[in-house]
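Peer 1: Residues per chain, in single letters:
There are 2 protein chains.
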Amino acid sequence: MARERLLMGPGPSNAAPEVLAALGRPLLGHLDPEFLGLLDEVAERLRMVFKTANRMTFAVSGTGSAGMEAALVNVLEPGDEIVVGVNGVFGGRMCDVASRAGAKVVKVEAEWGRIIEASDVARALDDHPEAKAFALVHAETSTGVAQPIDEIAELLRGRNTLFVLDTVTSLAGMNVDIDAWGVDVCYSGTQKCISVPPGLAPITFSERALDVVRSRKTPVQSWYLDVGLLAGYWGSDRVYHHTAPISMVFALHAGLGVVLDEGLDARYERHVRTAATLAAGLEERGFSYVAASRLPMLHCVRLPDGVADATARSRLLTEHGIEVGSGLGPFKGTCWRIGLMGHNAREGNVERLLGAIDTLL
Amino acid sequence: MARERLLMGPGPSNAAPEVLAALGRPLLGHLDPEFLGLLDEVAERLRMVFKTANRMTFAVSGTGSAGMEAALVNVLEPGDEIVVGVNGVFGGRMCDVASRAGAKVVKVEAEWGRIIEASDVARALDDHPEAKAFALVHAETSTGVAQPIDEIAELLRGRNTLFVLDTVTSLAGMNVDIDAWGVDVCYSGTQKCISVPPGLAPITFSERALDVVRSRKTPVQSWYLDVGLLAGYWGSDRVYHHTAPISMVFALHAGLGVVLDEGLDARYERHVRTAATLAAGLEERGFSYVAASRLPMLHCVRLPDGVADATARSRLLTEHGIEVGSGLGPFKGTCWRIGLMGHNAREGNVERLLGAIDTLL
Chain C
3 MARERLLMGP GPSNAAPEVL AALGRPLLGH LDPEFLGLLD EVAERLRMVF KTANRMTFAV
63 SGTGSAGMEA ALVNVLEPGD EIVVGVNGVF GGRMCDVASR AGAKVVKVEA EWGRIIEASD
123 VARALDDHPE AKAFALVHAE TSTGVAQPID EIAELLRGRN TLFVLDTVTS LAGMNVDIDA
183 WGVDVCYSGT QKCISVPPGL APITFSERAL DVVRSRKTPV QSWYLDVGLL AGYWGSDRVY
243 HHTAPISMVF ALHAGLGVVL DEGLDARYER HVRTAATLAA GLEERGFSYV AASRLPMLHC
303 VRLPDGVADA TARSRLLTEH GIEVGSGLGP FKGTCWRIGL MGHNAREGNV ERLLGAIDTL
363 L
Chain B
3 MARERLLMGP GPSNAAPEVL AALGRPLLGH LDPEFLGLLD EVAERLRMVF KTANRMTFAV
63 SGTGSAGMEA ALVNVLEPGD EIVVGVNGVF GGRMCDVASR AGAKVVKVEA EWGRIIEASD
123 VARALDDHPE AKAFALVHAE TSTGVAQPID EIAELLRGRN TLFVLDTVTS LAGMNVDIDA
183 WGVDVCYSGT QKCISVPPGL APITFSERAL DVVRSRKTPV QSWYLDVGLL AGYWGSDRVY
243 HHTAPISMVF ALHAGLGVVL DEGLDARYER HVRTAATLAA GLEERGFSYV AASRLPMLHC
303 VRLPDGVADA TARSRLLTEH GIEVGSGLGP FKGTCWRIGL MGHNAREGNV ERLLGAIDTL
363 L
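Keeping their order, the protein sequence lines are chains C and B.
Counting in my numbering, the first sequence runs from 3 upward without gaps.
Counting in my numbering, the second sequence runs from 3 upward without gaps.
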C-alpha cells in the first residue's frame, strides 16, 4: 500500500480522523431507531450548513453528480425551459442532465475563467419568462471561478422561475446562504469542504420547489432520485424506499459535526487565510491565476515555463505523496487545479506543497 | 451509542472486520494510479462472483435500487416493451422504474410467495416477441422466494429480448451464473451476501446489451447512470465522469476478497447449512414459511400465535441487540423476514437468535 496521500486536487480532500473512525463503526439497520435518530441529526446539521429552514434537506445516496441530477429531474418535465449559466465543466454538465430530462436548455455563457454576468442572466430571464428554472454553479471546480450570487439572486426575486444552485465545491468552505439568497434547490457533495469521502450529495428543496414537484403532470423520470418518495423515508413516516448508505451517513454525521464544532465563519476564514498564503507562494514561483473572481478552496493556475504538467504532477504524487489536479478543457496541459478544501486548508499543507514544488522547479 | 447489532433482517448484514478496516483507510484520489489499480481488481473480483467474462462489470455509485435503475434505463427507450416477473416488492419496483423510462410494461404475475412460472413467461414472450427486455428477480427479498432460473433462461435463448436479472439478495450467497444463464444485464447490492455496507451496486452488461445501448435512438435519460459514460472511467481510458465513492470501493474490494478467499461454493454451502438449522429451529417454535421455493439467506415466516410483531421485534432489538425485518405487503404484521446473509450466516448467530426468540415465547 502506498504512503498516505495529501489530497490537494479538486476533491476528494482528506477526511478528518473523526470521519474515518465513524466510517469504521459497526453497522446499524436502516430502520433502526438509533440510525433514524442519526438521520434526523444529519438533516438538522445540513440545514445549519446550508443556512436554510427547508424541511426537505437531506443527502442523496450518490455523489455530487447524483445531487445535480436529483435537483434537475425533480423540477423539470419534458418541454420545460431551463436557463443555465455555463462557464466551465459543471454548467455544461447541468445542460446535459437537463436535456436528458426533456427540457429545452437556454445557455447563458461566459468564457471559462470568467463569471456569469448578471446582466446576461437578466436578459435571458426576460427573454424566457416561462423558464421553469435557472441553474448556476457557485464554485466552478473546472476554473476556480467564484460566482457572485447576490445580484443574480435579486434578479430572480418575484419571478416564478426556480433558482437551482450547485454548491458542490463551496459548501462549508465559503458563505452559502440558501434562504437569504432565495435558492429553491441546492445540492452539494461531501468530498470537498465537508471533508467526508465521496458518496453522498447533500441537497435541499424549498417549499416552493416541492410545490412545483407536487404539481407535475408526469412522474419524476428517476425512481431512485424522486424527492416525493425520498420524503417518505427522510420525513417522519420512515417508509422504506431504498437502503440508506449506512456507513457513509455515519461519516457525514461526523464530518458535519467537525464543521459545526469549528463554526462556519471560522471555517470560511481559515479557507481565505490559507488561500492567501498559497496564492502568494504560487505567484512568487511564476504560477498565474486563470480567474479574477477566485475561490479560496480551488486554485486554477497556469504553470510557469519549464514545468511539464503530467511529469510534474506524477513526481508530486510519487515523490511527495501530494495530489494536485490537472487542468480541464482549455486549461488541459497548461494549468493545475490545487485544492485547499475543508480539513486540508491548513498552513502546514501549503508549506508542504510549496516545498515540494520547489524541488521540481 | 447502542450496543453492537446483529443484523438478521433483510439487509444490511454485518460487515466483516476486514471490510470495516478498509472503510477507515485514508483516502486516495479517484484518478490516483493506486486507486485505479484497485478499481480493476474490484471489476475482476466482481466478474468472478457474477461468473461472467463481461468486460463491462463494475459498481454503480448508488445502492441496489440505483443498480436496478441503471440496468433498466440503459436498455429501455420510450415506447419499448418490457416483460417483468412480479411476485413481490422488487418485481413491482422494476415495473415502476421501467415505466418512468417510458417503457410499456407487461407483467407476468404470481401470488406473493410463489415463483414466476416458466410457462407464464413463455406465453408472455410469445405474445410480445418485440419485447426489448425480460426482467426477473432471482431472490425476492419481500417473500423469501428463490426463483428457478434454468428453464426461463432456456426460453430466452435465441430471442432478441434481453435478459435482465436482479441478484441483489442472492449474489455471493447462492449460485449466480451470469454467462451460463445467458443473462444480459445483472445488478446486485453490496449489503446482503457480500456483507459490505450499502452504497454500491455491482452490475454487469453483456456485449449484446452494450450493442443495444450503443444503437439507441435517444440518450440514456440518466447522465449519472449512463453506462456509455461510465465505461470511460471504469475502462482503460480513465476519463473523469463522477468522483468515485472511494471509501466504499475500498470496502467492496475487501469484501469481495473475503468472499473469494472463502470460495463461492463453500460460501453457498454455508448459507444452505445455516439456513437448515434456522428453519428447523423456527418450525420447532411454530413459525411457518411463506414460500415453497425458499432462499437460504432470507426466511419469510409467519409468526406463531401469541407473538405480537412490532413488540417482539422491538424486544429482540433492545433486549438482545438482534434486528429482524418486518413483513411487507400481504405479510405485514403477520410475518418476519429473517436474514442469514454473507458474514452473518453462522450457526452461532442462529443459536443466538433462537435463544432470544425463546425468551419471547
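Honestly, the hints are just simulated from the structure, not real lab data.
Misleading hints may appear alongside valid ones.
Since the list gives no way to pick one copy over another, a pair counts as held whenever it fits inside one copy or between any two copies.
Stated by the list, open to error - Each computed DMTMM-like pair below joins lysine to aspartate or glutamate, with the alpha-carbon atoms no more than 20 Å apart: (1) Lys219 / Asp98; (2) Lys334 / Asp34; (3) Lys334 / Asp239; (4) Lys106 / Asp34.
Keep in mind the model is a prediction, meaning the values are calculated, not measured.
Peer 1: Compare the structure with each hint and give your call.
Peer 2: Now the hints, each set against the structure:
1. For the homomeric pair Lys219 and Asp98, the shortest alpha-carbon distance between copies (16 Å) is at most 20 Å, but the shortest distance inside one copy (22 Å) is not.
2. Taking the shortest Cα distances, Lys334 and Asp34 sit within 20 Å of each other only across copies (17 Å), while inside one copy they are farther apart (48 Å).
3. In this assembly of identical chains, the alpha carbons of Lys334 and Asp239 lie at most 20 Å apart only when taken from different copies (16 Å versus 49 Å within one copy).
4. Taking the shortest alpha-carbon separations for Lys106 and Asp34, neither the intra-copy value of 43 Å nor the inter-copy value of 37 Å comes in at or below 20 Å.
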